[in-house]
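Visitor: Chain order of the listed sequences is C, F, A and B. If you count by our numbering, then the first sequence holds residues 1 to 346, one letter each, in order. If you count by our numbering, then the second sequence holds residues 1 to 346, one letter each, in order. If you count by our numbering, then the third sequence holds residues 1 to 346, one letter each, in order. If you count by our numbering, then the fourth sequence holds residues 1 to 346, one letter each, in order.
Everything labelled a hint here was simulated from the structure, so no lab data went into it. Careful, some of the hints might be misleading.
The list treats identical chains as one, so a pair stands whether inside a single copy or across any two.
Straight-line Cα separation of at most 30 Å, DSS-like style, residue types lysine-lysine; simulated pairs [stated by the list, open to error]:
id, residue 1, residue 2
1, Lys-149, Lys-47
2, Lys-67, Lys-20
3, Lys-35, Lys-329
4, Lys-159, Lys-149
5, Lys-306, Lys-70
6, Lys-149, Lys-70
7, Lys-231, Lys-67
8, Lys-329, Lys-70
9, Lys-159, Lys-20
10, Lys-231, Lys-306
11, Lys-329, Lys-47
12, Lys-47, Lys-67
13, Lys-20, Lys-35
14, Lys-159, Lys-70
15, Lys-329, Lys-306
16, Lys-149, Lys-35
17, Lys-231, Lys-35
18, Lys-149, Lys-329
19, Lys-159, Lys-47
Please read these numbers as outputs of a predicted model, since none were measured by experiment.
One letter stands for each residue in the lines below.
There are 4 protein chains.
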Amino acid sequence: MIIVLRPDCTDAQRQHLFEKIEELGFRYDISQGEKRTLVGLIGEEDKLRDAPLRAIPGVEDVMSVLKPFKLASREFQHDDSCFDLGHGVRVGAGHLMMIGGPCAIEGEEVLFEIGRAVKAAGANVLRGGAFKPRTSPYSYQGMGEEGLKILRRAGDELKMPVVTEVMDPRRVELVNRYTDIFQIGARNMQNFNLLNEVGQTNRPVLLKRGMSATVQDLLMSAEYILSNGNKQVILCERGVKSFDPSTRNLLDLAAIPNVHGLSHLPIIVDPSHATGRPDLIPAMAIAAVAAGADGVHIEVHNCPEKAMSDGPQALLPEQYTGVMEELRKVAEVLGRTIPVAGAEEN
Amino acid sequence: MIIVLRPDCTDAQRQHLFEKIEELGFRYDISQGEKRTLVGLIGEEDKLRDAPLRAIPGVEDVMSVLKPFKLASREFQHDDSCFDLGHGVRVGAGHLMMIGGPCAIEGEEVLFEIGRAVKAAGANVLRGGAFKPRTSPYSYQGMGEEGLKILRRAGDELKMPVVTEVMDPRRVELVNRYTDIFQIGARNMQNFNLLNEVGQTNRPVLLKRGMSATVQDLLMSAEYILSNGNKQVILCERGVKSFDPSTRNLLDLAAIPNVHGLSHLPIIVDPSHATGRPDLIPAMAIAAVAAGADGVHIEVHNCPEKAMSDGPQALLPEQYTGVMEELRKVAEVLGRTIPVAGAEEN
Amino acid sequence: MIIVLRPDCTDAQRQHLFEKIEELGFRYDISQGEKRTLVGLIGEEDKLRDAPLRAIPGVEDVMSVLKPFKLASREFQHDDSCFDLGHGVRVGAGHLMMIGGPCAIEGEEVLFEIGRAVKAAGANVLRGGAFKPRTSPYSYQGMGEEGLKILRRAGDELKMPVVTEVMDPRRVELVNRYTDIFQIGARNMQNFNLLNEVGQTNRPVLLKRGMSATVQDLLMSAEYILSNGNKQVILCERGVKSFDPSTRNLLDLAAIPNVHGLSHLPIIVDPSHATGRPDLIPAMAIAAVAAGADGVHIEVHNCPEKAMSDGPQALLPEQYTGVMEELRKVAEVLGRTIPVAGAEEN
Amino acid sequence: MIIVLRPDCTDAQRQHLFEKIEELGFRYDISQGEKRTLVGLIGEEDKLRDAPLRAIPGVEDVMSVLKPFKLASREFQHDDSCFDLGHGVRVGAGHLMMIGGPCAIEGEEVLFEIGRAVKAAGANVLRGGAFKPRTSPYSYQGMGEEGLKILRRAGDELKMPVVTEVMDPRRVELVNRYTDIFQIGARNMQNFNLLNEVGQTNRPVLLKRGMSATVQDLLMSAEYILSNGNKQVILCERGVKSFDPSTRNLLDLAAIPNVHGLSHLPIIVDPSHATGRPDLIPAMAIAAVAAGADGVHIEVHNCPEKAMSDGPQALLPEQYTGVMEELRKVAEVLGRTIPVAGAEEN
């Protein structure tokens, strides 16, 4: 932590500041520049983060030197994390998680049909929403527990791990009974009570980046889960808000190498929610893998015009199959592996 | 709802589209332009909002004509809403709610001292956080129920209604026992389960705008509360994310006349969180009232350098007194009233 | 300037860095923290701004301590600047510049009619565009020199200073023959050759903030003009890009006290371009003055449905008169003055 | 164009509107919905774009159906454009333009050394700035004509086409004498006079996206050049402004398929300016080609710590060589070609 003094900082203010620093258990160095005086604080920076140093009279600015996340950082764990998701599927350290499936679970028949199609195309995780966060209270809100049961049966029969969103801390236990992976949606990235709850389970958590969260904010939310004891956090870039209305969000693919530099956690990409446009999803999925993403999340529906949620952004199974073919080529040439779900079974 | 057909839309696709429209219970008009054909749908637009019309082959674009919120709209209720907050304080229809107090409740003595100071300056609602949403799991998280009890005692003794944040749907009942007004923080503006819970109480709810929520998103979140039966929603503009790091957020004061045009609900402004800078708070508080805001929310601390949360952005009691004097002048010249809390009592 | 060393910085890298620093003519202090080593550079920071210190091996980060603008800063000139605009109108240090007029000059009769109306309402500067920066090459581009002549005649007859935009460095001389104040539009805020040209005249320059310029960027562009010798720069906040499509731009009123803290230059507000909505302009004009703005810029047209540019955002003369009445009340109660153009003449 | 009438639109207002529409030479259809009446205008929409329809009493909203660009659109030219850049290099329709070189031309020896290195690595266009747009008037502004001469000699000797920025309409003729390709920088994307000037030459123009320009804004700026007669416009995505300070800008790779859907023009990507971070450039360059970009622009310097501009974001020649190897693999597997500059010569 570095404190910059105001040019008009009085001796009494300096004295008060130095006492305050010592009171906090820190030592300090002073660097007297031509226009400003700097005070370097020596000690464990994390202890100072909440101290309102900027409120002390005579202080012009306070600059942080270290990142505020620890368990999520590369300094804490040097090697890439790699998690087992079930049915032989792994994510991280060169293994790609390929999530496919509908936005919402709408019924057994539809989900099985879509599930079979995405698995045949190479998806290794099946998705489907039972509780849907909808901007409007009048929109379809999901099938609830009935949907979770259908998803579980689909995963078991198709031999694929399944992922589904949990929105309410009161339902973590319920969802935990049915899913292999929790999804925390973008709107809940800073729902800290929910993060604490999934942090107390031992299931992998797919944590989506909030619509206006910085990369550091995302890692701080991961830190909530990690600090509760759950080490299996998979990050997900899904676009951030921007001024250009031509896409639903602005996909930040630079977040991938950015996160890989700062953290050992895997990060995947969701081009479906990022763009909201089926014509852009294939290119963005391929670019994501080329950028080093640890997986891709794509919504697929066999009849988008009948989908109960986000139909217009879903790929058709045949489009998904085409994307997966391209993805395999790029993954191979760049030395990455796409595990096949259930390959070792029966 | 207007559907724009693709220039290459086939007759079979048109036929399929028209059947689909009739299946949904709608009639339609066709307008054949020089380059595009438009189809105007006639019926209750709300029923169509979730229909994935854009996924139907041959459709280029779908344009909405009506706003998606109803109970929150001026069309639903023409006159300004005005709510009683307790101790003779009202908000809306020309009455200003002046919230003052510390970011977090830190102890009885501090809260009473700050409370007395803000009341003397003209604040008519006392604030204080007992559960704090902190970006870092290692930051101070608040006093919990103990803090709520202190806040309640302060409100009773000072004869001011109190407001405090609720973050977790499981704690709505607990917070309801102590507070006069619920606050939903910016990070929870789209925590729909939480909105449903406070929507089932009969306390006023102060709903803060999310960091990247549009004005329409904010009104849709209000709609969640209203549609649960609770009519007392007070909106709060507190800045949105921007590219300029010189302020914490970018305060969108145009949201005030914008909301007033669209909705009957009152809207107040929080310049403390919007700017994060005590040197900018006074000017923004005055501008807010001049822009037509139904109140102002300002954090005040008697010793910012000891505050356990957000100290550097708090005003000192004497600074707050200065701002309130200016606010009164502007309110008066523009014909607005600042109720005095507890004026009718004893 | 502070240099943060990487934790793995070798002794040889340190040595190389220290030599480099001395080569640049600087001294340095070292502060050895628990996790990072800091190097404080002592000397004239401005000399270092362009030095690619971050490219030196072993360097993790470089932090600037001082602001990069000089002539524009409060440290350079403590008191508010105040400029004479002609016809007894001044701006800055409590004097408000009230610009009114049409977006584009469309003909003599129209301009005179609008000019008379805005002057009667209290405007003290007349605006009108002769060269229009239009997003589309197919849109109306302005009357050119013919328009400038009309504007000049209107200013002379109505006894008001006039302001008009210059877009091309080749036309600075031409525009200089007719205008009292140059306007640099938002799209040209970083057209550095144009800034240099107007910097070499001795006319006041109204410099509009770019659509994604930070407050610091705006002050750096002012610095271009000031460093060419022209001291009369008036800044103009006119909204920045945002994700909310309900207004044309997002008006950043906090920029006013923000600029006033950093700089001695006056700053006015343009709610017409900021919001693009006549229903929001009055509230934002009043809020701007309440926030401390040194003036307001409003587009007025007597027949918006016939305007050749930006008609839908213009106020009618009677609406403008209403706004000016409110503005006078707020200005008076806050101790500010609106000069009357041509008051001392005849 | 569709006009939505206000629910309180009077018969007289309707009548006035219909007369106005006919006056403009249009026919119309009326669609009477349950809550709103729509008026579809039939005729050439472009003629209406500037008509201030929204200012007509009784009008609630005006919706555009067609895109405002013509010559740049896929509807105007169905097949991908492909341009000859010289020395056998082409861009578009599967041919990739690989620009390498320093930010600024600093001297003959340095430029030749960097030029040889990037050519050996596979670059097929050499870049170097002679006129630099710098945020600060105190920063290095470039070598001017002397630099252009050096660049020309380097291109001739290395048998590579060269690209350099032009910032001032008065210097288009000068730069035209030396360069093969004009670059228009992000800050000048809407410097319409400059666009008109380069539009009147017959050299290819590399048009960079402005920092807060939408994809449509970018295409409208291309339209300025095209409508002046110059058909050779190459677009360049280089990141837009965002709230996350961890990268210089936010690279919008979805702009690539987005532009490819709307336009026949080629689009390349500049990961150097987009990220400002050498550690992110390689991944973003590879992702760009995977997303379908028609080329990549990378800054390279043999001694970044001595570079006179943007040194910290430059790759070293050996890093650039590594990136080019990966790029070739991805380009090959996706069926794209990287032309070799000067391959057919001597």
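Visitor: Hints broken by the structure, by number, lowest first?
Guide: Going through the list in order, the structure violates hints 3, 6, 8, 9, 10, 11, 14, 15, 16, 18 and 19 and respects the others.
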